[in-house]
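Asker: Chains as they are written, first to last, in the numbering used here: chain D, 1 to 373; chain X, 1 to 300.
Simulated from the structure, these hints should not be mistaken for lab results. A few of these clues could be false.
Unchecked claim - Dumping the calculated PhoX-like pairs for lysine-lysine here, alpha-carbon to alpha-carbon at most 20 Å:
id	chain 1	residue 1	chain 2	residue 2
1	D	K115	X	K15
2	D	K191	D	K257
3	D	K88	X	K212
4	D	K191	D	K180
5	D	K191	D	K225
6	D	K88	D	K115
Here is what each chain is made of, one letter per residue.
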Amino acid sequence: MSSQLDTQSSKPSTALPIHIQGLTKKYGAMYALDSVDLEVKSGEFLTLLGPSGSGKTTLLMAIAGFSRPDAGSIKFGDDEVILTPPHKRNVGMVFQSYALFPHMSVAENIAFPLKLRGVDSAEAAERVETALATVQLDGLGDRDIDQLSGGQRQRVALARAFVFRPRILLMDEPLSALDKKLREQMQIELKHLHEQLGVTTVYVTHDQREALTMSDRIVVINQGKLTQTDTPHNIYNHPANAFVADFIGESTMLPLKSDGAGKLFFLDHLIESNFKTDAARDWALVIRPERLFVAEKGATDSDKAIIFSGVVSEFVFQGETAFALLSINDQYKLAFRFGTDSSSSQNILQAGDQVSLGLNRSDIIIIPQEDET
Amino acid sequence: MNASAAQEPEGLNEKRLKTQGIREQRMLLSLATPAVLAIVAVVVIPVGWLFFLSFLGSDGQFSLEHYQKMIEYKSYARTFVTTFQVSILTTLICILIGYPLAYFLAMLPERLAGFFMLAVLLPFWTSLLVRTYAWLVLLQKNGILNDFAMSIDLWDSPLKLVHNLTGTLIGMAHIMLPFLVLPLYGSMKKIQRDLMHAAANLGASPVQAFWKIYFPMSLSGMVAGSLIVFVLCLGFYVTPAVLGGGRVVMVAMQITAILENQFDWGAASALGVVLLVATLVILFAATRLLKLDAALFGKH
Numbered sequence: 001m002s003s004q005l006d007t008q009s010s011k012p013s014t015a016l017p018i019h020i021q022g023l024t025k026k027y028g029a030m031y032a033l034d035s036v037d038l039e040v041k042s043g044e045f046l047t048l049l050g051p052s053g054s055g056k057t058t059l060l061m062a063i064a065g066f067s068r069p070d071a072g073s074i075k076f077g078d079d080e081v082i083l084t085p086p087h088k089r090n091v092g093m094v095f096q097s098y099a100l101f102p103h104m105s106v107a108e109n110i111a112f113p114l115k116l117r118g119v120d121s122a123e124a125a126e127r128v129e130t131a132l133a134t135v136q137l138d139g140l141g142d143r144d145i146d147q148l149s150g151g152q153r154q155r156v157a158l159a160r161a162f163v164f165r166p167r168i169l170l171m172d173e174p175l176s177a178l179d180k181k182l183r184e185q186m187q188i189e190l191k192h193l194h195e196q197l198g199v200t201t202v203y204v205t206h207d208q209r210e211a212l213t214m215s216d217r218i219v220v221i222n223q224g225k226l227t228q229t230d231t232p233h234n235i236y237n238h239p240a241n242a243f244v245a246d247f248i249g250e251s252t253m254l255p256l257k258s259d260g261a262g263k264l265f266f267l268d269h270l271i272e273s274n275f276k277t278d279a280a281r282d283w284a285l286v287i288r289p290e291r292l293f294v295a296e297k298g299a300t301d302s303d304k305a306i307i308f309s310g311v312v313s314e315f316v317f318q319g320e321t322a323f324a325l326l327s328i329n330d331q332y333k334l335a336f337r338f339g340t341d342s343s344s345s346q347n348i349l350q351a352g353d354q355v356s357l358g359l360n361r362s363d364i365i366i367i368p369q370e371d372e373t
Numbered sequence: 001m002n003a004s005a006a007q008e009p010e011g012l013n014e015k016r017l018k019t020q021g022i023r024e025q026r027m028l029l030s031l032a033t034p035a036v037l038a039i040v041a042v043v044v045i046p047v048g049w050l051f052f053l054s055f056l057g058s059d060g061q062f063s064l065e066h067y068q069k070m071i072e073y074k075s076y077a078r079t080f081v082t083t084f085q086v087s088i089l090t091t092l093i094c095i096l097i098g099y100p101l102a103y104f105l106a107m108l109p110e111r112l113a114g115f116f117m118l119a120v121l122l123p124f125w126t127s128l129l130v131r132t133y134a135w136l137v138l139l140q141k142n143g144i145l146n147d148f149a150m151s152i153d154l155w156d157s158p159l160k161l162v163h164n165l166t167g168t169l170i171g172m173a174h175i176m177l178p179f180l181v182l183p184l185y186g187s188m189k190k191i192q193r194d195l196m197h198a199a200a201n202l203g204a205s206p207v208q209a210f211w212k213i214y215f216p217m218s219l220s221g222m223v224a225g226s227l228i229v230f231v232l233c234l235g236f237y238v239t240p241a242v243l244g245g246g247r248v249v250m251v252a253m254q255i256t257a258i259l260e261n262q263f264d265w266g267a268a269s270a271l272g273v274v275l276l277v278a279t280l281v282i283l284f285a286a287t288r289l290l291k292l293d294a295a296l297f298g299k300h
């Protein structure tokens, strides 16, 4: 079997692209994956982001070969692997539970894939040392797994996944068991590691901030379908629909009315004057709370900004930012977030205040409104 | 605030909190009292009494005569050899049948596993005597098995399946199987599926993954179960007595024979003591060799 696995190269092997077509997996009547098409570029860090039960883990398991899809094609480079058993796929994987072998030491865990590939023990030992150094666990090779902290186990799992130089690396919520501080530190480390290894990486998470922090591109999955695939910047600034706008970052959605001639209004604010209206749909305005600013009293809509006036109905201090709700006409609640430095707006805001909030027209996001959900 | 606490312990309820803690501990301990009393009454006292009796000569004085006899007469040695032989063979048969069975159960979805587990446990709830005689009916010369096998020409003349070692082993393995399967199943259930996925992902074929990951991790349960089976076999009476037909004499049967024929409590006690000591030595050695404390308490 070792002949089928890449063993000999001493430099990191070249990364492989993944081509997925029409991948479908049904559980009973429910589609876990509904004819998914996805291209993962060679060497990119791609994150599958979605709520639990969205199909993101099923997709990852299908790539690893642990779950058998009902239909579809998965290619690593030019090779069709849909029928290849997992042990011949030669992809590294970091499991949510780490899946370290408890009856083996740290070094034995990391050497496991090397032994299976017939790497001689001297070279294996050297590569284990290098891998340990890469994840900053130098000298801990002799430890038992149960002597390690959660963060250390995470690093061992990582070292074991890349030590055999796979050309594709899969990660299934690898940081979810760590506390917040460590998780944020590991996000940066993983990002650096990815740059260092250059390996095609598919990362699964339900944490939108993690996805935004680490990814080259994000795939938002919902109910077995890919909702949007784009860079973190575009996913955040140009969400394709209400699900993405709601799932990633905070947002307020306000319903828009069309005058039938390409103009969209919220109440009497003109939001968009040159919109190619699809008559069959309703549209909504998405406002990111941190993009609002306190406008001068009595200010009105201009070419640059839209001004919303209302009453502050809620005000919460949360440390680095404060959060407020602006009640417009007692009908709409507009979420508003701002910095808490001494010069900031929090000093002039109080619940019950009459306030005007501005939104630059360049920050306007318009999405189709969804009737269902 | 700390300083004031040190100066005025009473003011911060230190004494009352301590008393409450002690009371709770005592209540917990009192829960164990019936069990401790029972063990003293049915284990410690009788075993101590036997121990004492085994050192009493026929004249009522301290003597080692019972132990000397055990060395002199070959029948004693033969009994011990048979006992260990039967126990080891039964344990091996249980492992051969029980490991695949436990593996099968551990792989099944929860509901199905429950159903099949019932099949393993059902004999457990049936009387030992009933099961033993059932085997007699099945295995004897004109029994169901021989009749059936001969009717379909599997063999020509009845096989001697009972009143010998074969019958004893069949019956004992059947009765002992759950004692192996239950702890083994328990330790297999604790092996996360992710570990097997990880092994495959890292390049291990199913066979390699089994031998390098699954088997070593299930070993603790197998050792625990095997020891239970082995130790229970050492003192087994009913099944070898019925299915062995007098040809398979184990220690427990010899003790009965001595009591029934000679009414010699001293000699019988000496046999019991030797069996007990042998068992303890084996358990101790196994614990030391295999780090069994970890196995028995389920730590991998």
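Asker: For each hint, tell me whether it holds in the structure or not.
Answerer: Consistency of the hints with the structure:
Straight-line distance between C-alpha atoms of K115(D) and K15(X) comes to about 61 Å, which puts the hinted pair past the 20 Å bound. Between the alpha carbons of K191(D) and K257(D) the distance comes to roughly 43 Å, so the proposed pair goes past 20 Å and is violated. Simply put, K88(D) and K212(X) have alpha-carbon atoms about 17 Å apart, close enough for the 20 Å limit, and the pair holds. Taking the CA atoms of K191(D) and K180(D), the gap is near 17 Å; set against the 20 Å cutoff, the hint holds.
A threshold of 20 Å between alpha carbons decides the hint, and for K191(D) with K225(D) the separation of about 26 Å lies outside it, so the pair is violated. Between the alpha carbons of K88(D) and K115(D) the distance comes to roughly 15 Å, so the proposed pair stays at or under 20 Å and holds.
In terms of the numbered hints stated before, the structure departs from hints 1, 2, 5, listed from lowest to highest.
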